[in-house]
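K.L.:
Residue numbers (my numbering), protein chains in the order written: chain A, 36 to 123; chain B, 12 to 340.
It cannot be assumed that every hint is accurate.
Said to hold, decoys possible - Simulated restraints, written as ranges between beta carbons of each label pair:
1) Met-72(A) to Ser-93(B): 36 to 42 angstroms
2) Asp-150(B) to Met-72(A): 38 to 44 angstroms
3) Val-90(A) to Asp-136(B): 23 to 29 angstroms
4) Glu-64(A) to Trp-167(B): 21 to 27 angstroms
5) Ala-146(B) to Met-72(A): 41 to 47 angstroms
To be verified - Listed next, the stretches of chain A that the computed footprint assigns to chain B, with coverage defined by at least 3 CB atoms under 8 angstroms from CB atoms of chain B:
6) 37-43
7) 72-82
8) 104-117
Think of the hints as simulated: they come from the structure by calculation, not from any bench. Ideal Cβ positions, reconstructed from N, Cα and C, are used throughout, including at glycine.
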Amino acid sequence: MEFSSAAVAGTLESSDVMVSFSPSDEVLEVEVESIVMKQRGRRIREVVDELVSQVGLDKGVLRVQDKGALECTLRARINTVLDRAGAR
Amino acid sequence: MVEIRELCFESEMKERASLLASRGLSVPDGNGRVLGAFDSDRLVGTASLIRSVVQGVAVDDSFEGEGLAASLISRVISLAVSEGVGHLFLFTKPSEALSFSRLGFREIVSVQGASLLEWGSPGLDKYLVGLSEMATGRDSSAVVVNCNPFTLGHRWLLERASSSSSHLFVLVVEEDRSIFPFEDRLHLVSSGLSDLDNVTVIPSGPYVISSATFPTYFTKGGEAESVHAALDIRLFGTKIAPALGVSRRFVGSEPNCRLTALYNETMKTDLPPLGVAVEELSRIESGGVPISASRVRALLESGEMDSIRPLVPDVTWNYLLNRYKENEE
């Protein structure tokens, strides 16, 4: 699938997470920032890797700015961004 | 319950102006999208997006620390991305930079009175990697030009700069706010210098005299000019010059435009301490008047094509003839 549009989902409000994607021709770069990086950083990355590999995204920049979101919120935001970025 | 929506009425714009004023901010120049946060019908927060620059962000005292700024900035980001803008700049006071960095904005450069931050990619780091790939390893010089359009004055200045440098980078201002489009200006400069083999002509990118680093250059006016000049020059001296391996910047003397003169003066004070020498070259004259792009534009305006011929190189002359012909048809 082509992931060719910039996309964003979620907000920077407390207990939410903003996930944004910028298309590029370079190998996928995942940036994770979290107000609870120590406790949740690794899990956030696992969830990102799982959802990203499901759709075969391998190029671009995916950024996660977590403000303490639940995992279900995180999954919803990532899936929304992937939907918006790709021509499904 | 606070509701965020776009402002459209003049009365709302007035409320926004007084909210900005209460935070010591002026109403940003330029047309863009303006958001307002309303507590029932009272405006308690605002933020605007002008091209790719977030400006005029203010929140009422009573709503500080309640995440209203986060909501506003989230909306601005969504708005920008939905318009295909994936990279944003934000100007703020250095004292506010930390609160924006909590919202994921990265500081690019700060001077007394202003900080410039960015959100999204590709960011400054990627841009600098691109520049360092063009570096020659030799001690180089640089010059930043708009060339609107390319004149014999530019040609003379760049030839002088090239002959006294081992390598010269010519950065053509990329921002498309001039009468002649960027693509055309870049083409004229590249062809007009193709005989000089130690010259690389490159687009200036978003970090040199762009509406982000230097918004007042394009709007002319406003009290922030000297701060913006300082910001642009500091960014050049601390990031761009080191990436390109540049230790000298050339500049043409500026007898006419007050803002460019101010920029040149700031450059002469601020760049040398950062390890970049500044050399000012005086302009050549034709008929006792300096050759400048503004003079060419004025003659073009009044249709005096014949008077333009001695001021521009062949490449520009042919371009102007073509353009003029197209306009006639």
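K.L.:
Now tell me if each hint is right for this structure.
P.N.:
Comparing the hints with the structure gives:
1. Met-72(A) to Ser-93(B): 36 to 42 angstroms: Violated: the Cβ-Cβ distance is about 29 angstroms, outside 36 to 42 angstroms.
2. Asp-150(B) to Met-72(A): 38 to 44 angstroms: For Met-72(A) against Asp-150(B), whose Cβ atoms are near 42 angstroms apart, the range 38 to 44 angstroms holds.
3. Val-90(A) to Asp-136(B): 23 to 29 angstroms: holds, 27 angstroms
4. Glu-64(A) to Trp-167(B): 21 to 27 angstroms: violated, 45 angstroms
5. Ala-146(B) to Met-72(A): 41 to 47 angstroms: With Cβ atoms ~35 angstroms apart, the hint is violated.
6. 37-43: It holds: at least three residues are needed, and the segment 37-43 of chain A offers 4 whose Cβ sits within less than 8 angstroms of chain B.
7. 72-82: Since three or more residues must qualify, the claim that chain B covers the segment 72-82 of chain A is violated, with 0 doing so at under 8 angstroms.
8. 104-117: Coverage by chain B is violated for the segment 104-117 of chain A (0 residues, Cβ < 8 angstroms).
The structure fails hints 1, 4, 5, 7, 8 (numbered hints given earlier, in ascending order).
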